[in-house]
Amino acid sequence: MISDRGLDQSTNVYVALFAVRELNFSLVAGGLTAAVVGIVGVSARIGWGKMMARGVSAPKLLLLLAVLAMAGGISFLGAQLTGSTILLWTAVVLHGASALGVSVVLMAALLRSIPASRMGSSSGIVTAGQFGGFTVGPLLMGMLISSPGGFTAGWIAVICIYASCTALGIYLVLRARSRA
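Per my numbering, residue 1 is the first one in the sequence shown, and the count goes up by one each step.
Hints are computed from structural coordinates only; laboratory data are not their basis. Heads up, the beta-carbon is just placed ideally off N, CA and C, and yes, glycines get one too. A hint or two may mislead.
[As the list claims (entries may be wrong)] For each label pair, taking beta carbons as the anchor points, the in silico distance ranges come out as:
# : residue 1 : residue 2 : range
1 : 86        : 116       : 33 to 39 Å
2 : 171       : 111       : 31 to 37 Å
3 : 148       : 29        : 24 to 30 Å
4 : 36        : 139       : 23 to 29 Å
5 : 142       : 122       : 29 to 35 Å
6 : 124       : 177       : 42 to 48 Å
Take these sequences, add in the hints, and give me the full structure.
Here's what the structure looks like:
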């Protein structure tokens, strides 16, 4: 979870720099990329929360979020390799819609599955993992971006982590099915 949340935060931190430095956006347009991530992310959190409230399975939503996040990572890499602003905006929307919605699904899943007596410690562990990622992710992404691989290395790392989240999501869905 730390890696996933770290990627979320590192992408939030570096998306504007990427747009300005690699795709020649103005500073205002670069800032707009981060603003759009936030707007889409807040809207997505509300939407994913409503889906959880209607009883949609947390493992299925987590799998969907991981696939969307991986598609966002692939779009960031595509924007890097081609200079495509369309791919950048696609990545921005996919990232906002997926990676920023994970926390709502995780907390709602806890509410469904953890006894009230353990809720404080369980939610604390999840939150600690998220904030651990928030502190480590931007540093690691900065190190990758500063390496000879640049943003390409960073986006490849993002894709690999989200691919592992997708594999974990598949496992959770299959595990839930076998228990049913």
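For each hint, the structure was consulted:
1. 86 / 116: 33 to 39 Å: 47 Å, violated
2. 171 / 111: 31 to 37 Å: 22 Å, violated
3. 148 / 29: 24 to 30 Å: 27 Å, holds
4. 36 / 139: 23 to 29 Å: 24 Å, holds
5. 142 / 122: 29 to 35 Å: Roughly 31 Å apart at Cβ, these two residues keep to the hinted range, so it holds.
6. 124 / 177: 42 to 48 Å: Taking Cβ atoms as reference, residue 124 and residue 177 lie about 30 Å apart, which means the hint is violated.
Hints 1, 2, 6 from the list above are not met by this structure, while the remaining hints are.
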